[in-house]
Amino acid sequence: MTTDQLTTPSSFWNDTGKTGIASWIFSTDHKRIGLLYFYSTFGFFLVGVLLGLLLRLELIAPGRTIMGPETYNATFTVHGVVMIFLFIIPGMPGAFGNLIMPIQIGARDVAFPRLNLFSWWLYVIGAVIVLTSLFTGGGPPDTGWTFYVPFSARTGTNVSLAVLGVFTVGFSSILTGLNFVTTIHRLRAEGMTWGRLPLFVWSIYATAWVQILATPILGITLVLIMAERILGAGLFDPGRGGDPIMYQHLFWIYSHPAVYIMILPAMGVISDVIPVFARKPVFGYKMIAFSSIAIAAAGSLVWGHHMFTSGMSDTAILVFSFLTFIVAIPSAIKVFNWVSTLYKGSISLEAPMLFALSFILLFSIGGLTGLILGAAATNIHVHDTDFVVGHFHYVMFGGTGFAFFSAMHYWLPKFYGRKYAEKPAIVAWALMFTGFNILYFSMMVLGLKGMPRRYYDYLPEFAPLNLVATIGSWILAAGLIVMLVNLFRGLFWGEPVGSNPWGGATLEWSIPTPPPTENFEEEPVVTHGPYDYTKAGVP
Amino acid sequence: MNHVAHKDYAGAKLGMWLFLFTELLLFGGLFLLYSAYLSRYPHEFAAAGRDMHVGFGTLNTVILITSSLLAAMAVTAIQRNERRNVLFFLGGTLLCAITFLFNKYLEWSAEIGNGIYPGSPRLIKGPPGESVFYSLYYLTVGLHGLHVLIGGTLLAVVAVRVKRGTVHAGDFVLLENGALYWHLVDLVWIFIFPLYYLIL
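Chains as they are written, first to last, in our numbering: chain A, 1 to 539; chain C, 540 to 739.
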């Protein structure tokens, strides 16, 4: 860093007792830890993208194209494990939760800075264990990211080590969650009442509770897989009195709420970006905040909808189906409030806003197809088909992924003091948006026609749409490359930005760019709401 | 980074309570399996439960409740600035922890000697519910034993700090949190004991 702003002694880039790599990997500053999380999780995102592209390339035509069936099984498993456990769950809370949340509540750091650093280290150790599992023992796991028994208990691949890695990453997630809940309860600045918390903080708060309450169940489930494999406990082995459905229940008790760990912070980003670029206070602040909590609560009771074809009782299917529909209510509340915020706003279509607007569309498609899956009757038709894959990529990539890109364009300039170029960013967005829809919409249509998920080979009638989907994946990848080159070129060598480039009213825009180590010269006193542009002194 | 160190007692305790919730949920998964399998195999569970060593279980329950009392007394003692008593009570807690684990060792040795352990030939040949019962028993009690070990280590570290004077009447949140963790270990056992030894 050799820019004027970055050499200001008070900036968090310079003001440190240690030097070199140690000043980063042993730092307890939430901003440095946030950037560590950002680069490590985003690195895994790129690994996951690469594996996804390979999967699509294999599926471009029926029969063998570039890899054999065993390699294909391992590739989609590792794609899922890397994307879910190493990018999307830790990514948003770890990176942007750490970077932004403490500043937005007017705090100097999180409640437990050393625990925060420890969480990142646990994440790295877990990731290293997962990576080790790919190259040792029986080779990379081939079970799918869900590790379903009985296959996961019997396959000769290195499942034990992989689940140990995921267990470690889960522990890191728990510690981040309890750190954030404590921070938001204890370290809000004077005048930062619950009704004045930025909506991103509300979403991180709801997420943190899900991390605390759901992740331990995943922990014990993974321990049980190891017990099955190593001790031969037989708890899920029908021959010994166990029941594989029990495994599915335990797994989804965590993994469905985990979907909300992935999407809630993304919704928070959108709730913060849209009012700024519509130049208008957010519509329905209280309902958006409340719906985050409602999604976290209702989302904890719907795990059974993953198991409609597993042999649950009809009563259970009806109850879980009904509860699933309830989650649609708070989600729709958010969408309606974002759209109402846009109404009669003075909309400025810069890159963060374009990503945020496409989030609304893609998330709506993902959410509504979720209702098709949540209804017991239609679920049986499309269960375990490409429709499911299309649906969750609309929510996870079109939703969380696009929100993550929005956050990168919106917030990273604050920490680097420099900004990307606008035109290439818009080109990148257009490429990604187009490629995304070609790729995943084709998959949904394929699923409706009966193409099963996770299959290595398929009938010739599915060939045309598979070809289209693979071409879509290349357009998406091209857009991603343009975005990354432009964004990082801008962050390191781009045009310098002031303390408030977008005209935001939340606290992070009131401090210098890049932020000083202690964030605030003196503890701020908050006198207005987070979207009150008239009183924030915003031009 | 040179952040100004801030001491937030309420925050530290809030963090600990949240962590204890996660521990309860960790065991919760196993209790959930217990209840599901109990309703499926009531007779096998009852038969297996009658073979448990109630004597060992009762003794260990008494030991853990005593240790929890001693941990609580250590917290009271540090508030009164009685360092010698704090160390005495913590020593007592640790002694209880070690005795508990030793009893567990004797009990498990006896059972393993009888051919009862996860995946043992005797359980594989026996009725399905019996194998499930003992597998759950070993996993739950084993996980609890691991927590006894962690809690004991934590309290030993606190005791060293008390002796060095870094934990004292003006700053004892570490001791308080350590004791809270120990009470959790006790509490989980209070559920394990009746579920596996008494009610069946």
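The hints are simulated quantities; they were obtained by calculation from the structure and are not laboratory data. As the structure is a computational prediction, the values presented were derived from the model and not from experiment. Where a beta carbon is used, it is the ideal one built from N, C-alpha and C, also for glycine. Possibly wrong hints are sitting among the right ones.
Covered stretches of chain A (in silico footprint by chain C; criterion: 3 or more residues with CB under 8 Å from a CB of chain C, positions within the stretch not fixed) [to be verified]: (1) 219-228; (2) 232-244.
SDA-like mimics (lysine to any residue), calculated; alpha carbons at most 25 Å apart, straight line [said to hold, decoys possible]: (3) C:Lys546 to A:Leu301; (4) C:Lys552 to C:Ser574; (5) C:Lys552 to A:Leu115.
Straight-line alpha-carbon gap Lys552 (chain C) to Leu115 (chain A), limit 25 Å: holds, 14 Å
What's the verdict on Lys552 (chain C) and Ser574 (chain C), does the C-alpha distance respect the 25 Å limit or exceed it? Between Lys552 (chain C) and Ser574 (chain C) the Cα gap is close to 32 Å, so the pair fails against 25 Å, i.e. violated.
Is the coverage entry for the region 232-244 of chain A by chain C consistent with the three-residue Cβ rule at 8 Å? Three-residue rule met by the region 232-244 of chain A, so holds; n is 9.
Per the coverage rule (Cβ-Cβ under 8 Å, at least three residues), is the region 219-228 of chain A covered by chain C? holds (count 6)
Is the straight-line distance between the alpha-carbon of Lys546 (chain C) and that of Leu301 (chain A) 25 Å or less? violated, 38 Å
Violation of the numbered hints given earlier is confined to hints 3, 4; the remaining hints are satisfied by the structure.
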